[in-house]
Amino acid sequence: MAKREGEAESVSSAAGGSTTPQELGQQALAGGHDEKSSDAVTPNTPTSGTGGRSNFAARIARTELPTGAVLLVLENRATPTIALRGSLRAGSYFEPRDKPGLARLTADMLERGTLRRTKLQLAGDLEAVGAQLEFTADPFAVEIAGRALAKDLSLLLSTLAEQLREPAFPSEELEKLKQQAIAAVQEQQANTRQRAYEKFSQLIYDPANPFYVHTGEQLIRSINSITVEDVRRFYEERYGGRSLVVSVVGDVETSEVQRLFAEAFGAFAGPRASVEVSVQDPEPQTGTRRELVLLKEKANVDVLLGTAAPLRRDARDYYAATLANGALGESTLSSRLGLQVRDREGLTYGIGSRFRAPSLAAGPWYIAVSVNPGNVERAIQSALTVLRDYVSNGMTADELADEKSSAIGSFKVSLSTNAGLAEALWNAEFFRLGTDYLDRFPELIQAVTLEEANAAIRRYFRPDHLTVIIAGDYKLNNE
Amino acid sequence: MQDEKLPGRVTFVAEGEGIREYRLANNLKALLVENHVAPVATVCVLYRVGSRNEAVGYTGSTHLLEHMMFKGTPTFNKDRNTQIAATLQKIGAEFNATTWYDRTNYFETVPSDKLELAIRLEADRMRNSFIADSDRQSEMTVVRNELERGQNEPMMVLDEAVYATAFREHPYHHPTIGWRADVENVPTARLKAFYDTFYHPNNATVIVVGDFERDSTLRLIDEHFGAFPATEESIPEVYTDEPPQQGERRLTIKRAGELALVQIAFHTPAVLGQLGVLSNAELAARAANPPAENDIYPLVVLSALLSNGVTSRLYQALVETELAVTVNSNCDQFRDPGLFNVYATVSPGVAPTEVEAAILAVLESVGTGEVPAAEVEKARQQIMAQVAYNRDGTSDIASQMSEAEAVADWRFYKDYAANIARVTASDVQRVARTYFTEDNRTVGYFIPKTTNGAQTNDANGSDGA
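Taken in order, these protein sequences are the chains called A and B.
So the working numbering is basically just the index in the first sequence, starting at one, shifted up by 2.
So the working numbering is basically just the index in the second sequence, starting at one, shifted up by 1.
Bound conformation, chain A alone (with noise of 0.2 Å):
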């Protein structure tokens, strides 16, 4: 039924995404994405049935093929589709320093004609059976996302080797998806959290980190400056079997997957160029800094509390620092922040903290909150008492136990769906934590202790050295 999938109420990005105001339009308790802390990268976390251990290894089957390229198939048999997901390290880490876009306009040109088809004729034949196939790009993959319904398997996975195989970047079509491009960042200008999150990353990392986003009229005037030769150059060299991993989820047989997978990546070479990510941590930051960023006639101002966070995916203590951030904002309705900024003084509609995307490199800690520009220093102290007493106190046994039943349960939760599984199956192995990870999930979070989620508050929560940013219409007190 056409109309509203997901949680309404907060707007999408501006790059174009198909969803009208009348979708966004239902009024939901509570907000979307910002003020979960689950990262982009990993799924909302964890499983095991009514009791027992879940037993998914047993189902998944991993293949590797020998230029590299790793594909995982679950089959579940639920509805009549499949979801596939999957990436290839090239992304933004990957792409000259003087090309900030080249990445993200490199991917998204993998939908605009290959050697074989038009960009017309790929949408429509895609479009003709209602499958979908996107390509997005973060700081360190090109992230595939595919859905389909069961009968076109064959269609949707020889499309995909297609486009990553046999691209052609038609100029035109280049000159087009500049245009939008550069639109899209200019949209962007005036939204609050995103203005609010350009600066911040701005403040905490040099332009040479991963992380760090560039102002929107640098970012402008690179895509400007980007031609079909850059893109062709950063594909020949970052495009390859070595780093690509897919997962395909649903109602399919396993061995017709592998050998469709083998047919369409089999000499799928290359690349020439490294895919090792090595990012050097930026110094911790000391003391306090704040900042403006000025948008007029701005009803909501976005505030974000932070500061680079030196946790990876693979750190010892992963587990124990989500499970910490998670006691403190990991929910707006019921987390720490959330019971006293929310709940109690009613500053704002939406305040969480996040770790986000702790991934190849480490990523930011921060707490967002909106709030009226009226409520805009209420609101900074509020957070920041309750940020004080959780580092000076720590948690209790009590949250604790909270946390982890929490997690363990969600993590079951989101394994529900075709789309739910196949991201934790290409999570799994893009962070090469084994095809068992969806069966030791529970027991990864149960061996955190109280002592190891302590140290974890400690070490990365530091209310004395915070960057903050306020964006929207504001005026600081020393202006």
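Treat the hints as calculated values from the structure; they're not laboratory data.
Any given hint might turn out to be false.
Unchecked claim - Calculated pairs, BS3-like style, for lysine-lysine (alpha carbon to alpha carbon, straight line, at most 27 Å):
no.: 1; chain 1: A; residue 1: LYS178; chain 2: B; residue 2: LYS450
no.: 2; chain 1: A; residue 1: LYS153; chain 2: B; residue 2: LYS415
no.: 3; chain 1: B; residue 1: LYS450; chain 2: A; residue 2: LYS201
no.: 4; chain 1: A; residue 1: LYS180; chain 2: A; residue 2: LYS201
no.: 5; chain 1: A; residue 1: LYS201; chain 2: A; residue 2: LYS477
no.: 6; chain 1: B; residue 1: LYS415; chain 2: A; residue 2: LYS180
no.: 7; chain 1: A; residue 1: LYS121; chain 2: A; residue 2: LYS178
no.: 8; chain 1: B; residue 1: LYS415; chain 2: B; residue 2: LYS6
no.: 9; chain 1: A; residue 1: LYS101; chain 2: A; residue 2: LYS121
no.: 10; chain 1: A; residue 1: LYS477; chain 2: A; residue 2: LYS298
no.: 11; chain 1: A; residue 1: LYS477; chain 2: B; residue 2: LYS255
no.: 12; chain 1: B; residue 1: LYS79; chain 2: B; residue 2: LYS91
no.: 13; chain 1: A; residue 1: LYS298; chain 2: B; residue 2: LYS450
no.: 14; chain 1: A; residue 1: LYS153; chain 2: A; residue 2: LYS121
no.: 15; chain 1: A; residue 1: LYS101; chain 2: A; residue 2: LYS201
no.: 16; chain 1: A; residue 1: LYS101; chain 2: A; residue 2: LYS180
no.: 17; chain 1: A; residue 1: LYS477; chain 2: B; residue 2: LYS450
no.: 18; chain 1: B; residue 1: LYS255; chain 2: B; residue 2: LYS415
no.: 19; chain 1: A; residue 1: LYS298; chain 2: B; residue 2: LYS255
no.: 20; chain 1: A; residue 1: LYS121; chain 2: A; residue 2: LYS180
no.: 21; chain 1: A; residue 1: LYS101; chain 2: A; residue 2: LYS178
no.: 22; chain 1: A; residue 1: LYS201; chain 2: A; residue 2: LYS121
no.: 23; chain 1: B; residue 1: LYS79; chain 2: B; residue 2: LYS193
Following the hints, complete the assembly by docking chain B onto the known chain A.
Chain B only, in chain A's frame:
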């Protein structure tokens, strides 16, 4: 098909495609869909009250009340360390509540061994919520900040203005979030009155989807929801029809921003094809026995054909030609007659008038030109694939069923794909000619001003950007 051993107060009503409808003695409707794919279940409680039930002075009350429903009951509250959100959070539930024009719903997806807790909690807050004045005061500012966040988004601001212009009399005129002054000033007693008027078993549907055992779940529903009596008075009805629009309406909003927006809206029928407001009883009768012809289905196919994907007509005419950065369309599927909307983000340096003209030319072409059968077939396949995707997971199934119950009943969900499959090219052309008329349309522009007050692209396209 009858059940063998139903609890005393439960009656089996109907069954179709795995959905089973039951009725409790207090007239609560229960819908069950067993699905043992994963060890989870979704509970969703739908109340037939939305912002269509509000009027001057208390717009936004339905939504504010929905927030108050998380403030607790004598059983679930902060003092007892059983706060509603914390109770759900700690079992790993995915939960929320939403309010819209036609309904309010509360839902949680939980590990299946926690189903009893979810049912007990939802039943408890149906009749036992505090709705205290002190809670309203702090929650009002939460909701006001939610409103402010919406006001930050040009698309939301324009959409709100278009609905307020296209609907002069019917309550779709005002947004679900409410007008700011109403949100700020509505008395707690009004919220309490709303609660006591609409939150009753005979105005609700309980939907359970997932990994559960039918008999024991029916017993749980009966034990917890069956405890409340039906109201003695009938639930108040909405009867305010929107009169036919007689002539184009236009509006412009000028505000800080970056890109101009164009929105064009046309009045359409309600989801069961009716052109006016129906009482609850009339709606139930029509849903159980829907008309053979219903323009909603061709309108939904028309929307897909216009804007779904690169091959769609509006994409080709506006994005491919670089007049617009994005273009979308949507046909409301509401309880009462809604709107068919087209939304475009205007490319930098292009005049909104040019985008408006291009959209209108495309809409005109459907009614007067060729519509190949293959194009309609593509649109139908896209919608039917989407229907299949929306059955992946208990939460999506419960959500779709809840929307169907709010505007018609669950049969609307069950028969949706079959009804879409029947749509022909001539149906699509007929509805385009019927509804895409000048007198029936409302046109809205959002014109961005730069921070110094200049306009970056004004309505006529003299370009300052």
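Each hint tested on the structure:
no.: 1; hint: A:LYS178 - B:LYS450; in the structure: 25 Å, holds
no.: 2; hint: A:LYS153 - B:LYS415; in the structure: 22 Å, holds
no.: 3; hint: B:LYS450 - A:LYS201; in the structure: 23 Å, holds
no.: 4; hint: A:LYS180 - A:LYS201; in the structure: 24 Å, holds
no.: 5; hint: A:LYS201 - A:LYS477; in the structure: 16 Å, holds
no.: 6; hint: B:LYS415 - A:LYS180; in the structure: 43 Å, violated
no.: 7; hint: A:LYS121 - A:LYS178; in the structure: 12 Å, holds
no.: 8; hint: B:LYS415 - B:LYS6; in the structure: 26 Å, holds
no.: 9; hint: A:LYS101 - A:LYS121; in the structure: 25 Å, holds
no.: 10; hint: A:LYS477 - A:LYS298; in the structure: 11 Å, holds
no.: 11; hint: A:LYS477 - B:LYS255; in the structure: 23 Å, holds
no.: 12; hint: B:LYS79 - B:LYS91; in the structure: 14 Å, holds
no.: 13; hint: A:LYS298 - B:LYS450; in the structure: 10 Å, holds
no.: 14; hint: A:LYS153 - A:LYS121; in the structure: 23 Å, holds
no.: 15; hint: A:LYS101 - A:LYS201; in the structure: 19 Å, holds
no.: 16; hint: A:LYS101 - A:LYS180; in the structure: 13 Å, holds
no.: 17; hint: A:LYS477 - B:LYS450; in the structure: 20 Å, holds
no.: 18; hint: B:LYS255 - B:LYS415; in the structure: 44 Å, violated
no.: 19; hint: A:LYS298 - B:LYS255; in the structure: 13 Å, holds
no.: 20; hint: A:LYS121 - A:LYS180; in the structure: 16 Å, holds
no.: 21; hint: A:LYS101 - A:LYS178; in the structure: 18 Å, holds
no.: 22; hint: A:LYS201 - A:LYS121; in the structure: 36 Å, violated
no.: 23; hint: B:LYS79 - B:LYS193; in the structure: 20 Å, holds
This entry does not satisfy hints 6, 18 and 22, going by the numbered hints stated previously.
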